[in-house]
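> Could you put the whole structure together from the sequences, leaning on the hints where they help?
Number of protein chains: 2
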Amino acid sequence: MGITSELEANRVQELDELLTILKPRLLEYISKSDPNSSNYQSDSLGNYQEPQFLKTQFFKYTEDELTKPVANTDELFAVIDKVLQYSVNTWNPGFMDKLYASNNPIGVISDILLSVLNTNSHVYTVSPVLSVIENYIGRKYASLFFTNNKTTCGGLTFSGGSWSNITSLQMARSLKFPDTKLKGNGNYKFAIYTSKHCHYSVEKAAILLGIGANSVFKVDISDDGSMNIDSLQETINRTIKEGYTPLYINATAGTTVFGSYDPFEAISKIAHKHNIYFHIDGSWGGNVIFSDEHKYKLKGCEHADSITVNPHKMLGIPNTCSFLLIPHVGNFQTAMSLQAPYLFHGREDDDDENYDLADGTMGCGRRADSFKFYMAWLYYGYEGFQKRINHAFKIVEYFVTQIKQDSRFKLIIDDPQCFQVCFYYKPKSYKSHDNTDITRFISRELHKLGKYLVDFSPNPTAKPKENEERGEFFRVVFNSPILTDKIIDDLISSIIKVGKQFEFEN
Amino acid sequence: MGITSELEANRVQELDELLTILKPRLLEYISKSDPNSSNYQSDSLGNYQEPQFLKTQFFKYTEDELTKPVANTDELFAVIDKVLQYSVNTWNPGFMDKLYASNNPIGVISDILLSVLNTNSHVYTVSPVLSVIENYIGRKYASLFFTNNKTTCGGLTFSGGSWSNITSLQMARSLKFPDTKLKGNGNYKFAIYTSKHCHYSVEKAAILLGIGANSVFKVDISDDGSMNIDSLQETINRTIKEGYTPLYINATAGTTVFGSYDPFEAISKIAHKHNIYFHIDGSWGGNVIFSDEHKYKLKGCEHADSITVNPHKMLGIPNTCSFLLIPHVGNFQTAMSLQAPYLFHGREDDDDENYDLADGTMGCGRRADSFKFYMAWLYYGYEGFQKRINHAFKIVEYFVTQIKQDSRFKLIIDDPQCFQVCFYYKPKSYKSHDNTDITRFISRELHKLGKYLVDFSPNPTAKPKENEERGEFFRVVFNSPILTDKIIDDLISSIIKVGKQFEFEN
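So the sequence lines, in the order shown, correspond to chains B and P.
Using numbering that gives the first Met the number 0, the letters of the first sequence correspond one by one to residues 0 to 505.
Using numbering that gives the first Met the number 0, the letters of the second sequence correspond one by one to residues 0 to 505.
Careful: at least some of the hints might be erroneous.
Since the list can't tell identical chains apart, any single copy or any two copies may satisfy a pair.
Unchecked claim - List time: in silico DSSO-like cross-link candidates among lysine-lysine, alpha-carbon distance up to 30 Å:
1. Lys-217 to Lys-188
2. Lys-298 to Lys-67
3. Lys-31 to Lys-450
4. Lys-409 to Lys-485
Simulated from the structure, these hints should not be mistaken for lab results.
Given below as structure tokens:
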């Protein structure tokens, strides 16, 4: 009797069987969230459930739980069914909460291929195809932004916009002050500049890199939510006087709350004047690069030292897919490789390409998220991405036009620059100046209907006395390509209807 | 005419069609790598291909490439077929290169569910089920290691062992020196201790955290590749005299090259004596915790402040799935949240559980890798994982027993502690003392056969004069549950056969 294990003895038949059972469940799950389907249920998004309830649905919390394998396929699919039932069904067009939308058919296919290949894209030997594809699509993507460096630029994926931003700060420090790789921050007193509306990852990056949150200087914003250039210049001047070494400016393309775009052209000039590394966090708004109509918002981005862009947000690539793009791709290794600094040399030509991709990151093993983007780009083409983005802007425009006609709605930013719209909703008889209660109430009721999941937020910089309106407002994201004017009409009437309930309750 | 986009207008039918075409291709791809299948081709692993060749297979490098969508399904699947054809087929039992194996049926199903759900597990509102599951399975997993803290321990996933290790170093600094969150490293001169055989991520973590590679003190190893305790104590004493502040000891459970286990019990005592944070990098070898027979290798791990363990390595969970486990789960938020330090308080009871998981990380958006682990644990049970691990050790033992009988093989470590075996192979007439050429030649030839992908490595600490043998040796990883003694026999005879060719060629 030889040495064998029965664990994966029939893996082909096993996978065949599981796929056969799973497929109709998945198609049903998607179809009930598809307005074009006869199976459509507008409330398929799912209701809010408390953690305590979900725990009782899944776990027994006994010592011997999970000791033995699941008894049979029925028991396995009983769990799978509950996972589907109680999760938020992101295919429902009412999923308007976060800065991403549902997956789509080519996204699912790409994920399956990644799963079956089980490639680790750290080293070329085990990842020949996916590494070549990452380099190709990284350059193709980067060349849309770095129009002056089309043949040297490139990009790698990281597991989310925060990690791309963190990597960009490491790149800044490593390229500008290479002695820090061996010696650490030492006596440098680095300063980081970003607007008050930036994503929290800038602050977390500063903490992680041992620079500290106190060295992140938050620049004032203008009325449209974009970075105020005068305030940036003043802040730099002041911190230099205080003995700081200016290291890094983060500008945002599509801020988290308002969706505003910082003035990149003007910022790049200031960065250049002071020899400061210039990063753009375009995790959310960077993909307007695919729209001939809207890409003017990125004017000046070609001067950046790096740009974070997440295809998993605006472009509907499955979670997660985030790129850090740079004008000279060899700098990934220059900044990240463990070779001693005296061995570094720029690698700016195609013949000297690196395919051991982990060497250009601070990590090692990695999933080839770039493959999902390549497959979607192949499937939809540049033209398809453009249509997706222009459609979302049309939906935004339609929504804004509709609510401007109703005095109960009040826009926070008159002319939204991205796919989200921020607004107060206040029924006529509602007296309070603080909108938090009614915003939370309405969004919770919409969720209970199983039809709409919308987000709310306070204004990151509002001072109460500046404005009659106070507290939290709605932030609704129109990212799904299956949104129509009819769905928007229904959303508006649903808000009004729920708001009326609230009036009576008060 | 309303506002619509045709992009995902028929997504249910589209996905149905694509899945229908894809499924038989996947089953064929797997079956040809399955020795139990009538379709089995032992050379299905795939040949080595140069990047330049692969580029010509996929890309035209024209300006208008990817502008239009793919013409039709045939064109799409022509690309998919090439991706499968030229990728390394990790389902082949000859895939023995890296510290992971193939995926398996439940792994593919889990990835498909994650893809269809498209959940972002950063915030509870959009990730109710998967966040509750991550907390549950994180605690269940952690409680195997932290046997004294079963009700307070927990774990979160990061996108690979390096990122878990990086997070552990941030946790060390943030918990031991909370002022660094606001002020950065400042005047602290932190010291980090690890063995000369540790993974490179410890050094990269020190660089990323602004501590610098020079502050990573590499402790000597004992003959078996484990950390030498006397050397650790001496190094700590010396660095304290030199003015360093000891911050962090990294011990390794399963080193990258040899698979050795550091002496955790002894290290924990030293760490405790000097109040140093004690981390275990068990990315590779930590999962022997599932084997009653082999978990003694982790003795003392319950005293660690954190442990990295990757289910995507020993347990066959799809890439990537890496946990950072800690004895008091509330410390994720204490260390990582952006709240000011004076607001921090430990959260050590179950009622105060956090479900907005990103708040306990340095990132934001995240894929719920933990779900894949939960599904596999459910499917195989603790018992299944135990079988998998014990089977691998039996294969290792069989291989070692066989090659010990042949003087052409020479083990580097007599008693391998993990799933990899390191050895020289030298045909009788081969005179050179440097084994690099023949090791590379044989591994390349095995790859050309499409049957075996094995790795090679230099000894991280060998001094040439210490040993008659020099240069690179084989490092072969026996991780797949479908390995049998027969396959091992064939591997050995393949090495000998290829080695003979080499003799003649010289």
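> Evaluate each hint against the coordinates.
Okay, the hints, checked on the actual structure:
In the homo-oligomer, the alpha carbons of Lys-217 and Lys-188 lie at most 30 Å apart both inside one protomer (16 Å) and across protomers (28 Å), since each shortest distance falls under that limit. Taking the shortest alpha-carbon separations for Lys-298 and Lys-67, only the inter-copy value of 25 Å comes in at or below 30 Å, while the best intra-copy value is 59 Å. Taking identical chains as interchangeable, the C-alpha atoms of Lys-31 and Lys-450 lie at most 30 Å apart only when both belong to the same chain, with a minimum of 12 Å there against 46 Å between chains. Taking the shortest alpha-carbon separations for Lys-409 and Lys-485, only the intra-copy value of 21 Å comes in at or below 30 Å, while the best inter-copy value is 74 Å.
Hint compliance for this structure: no hint is broken.
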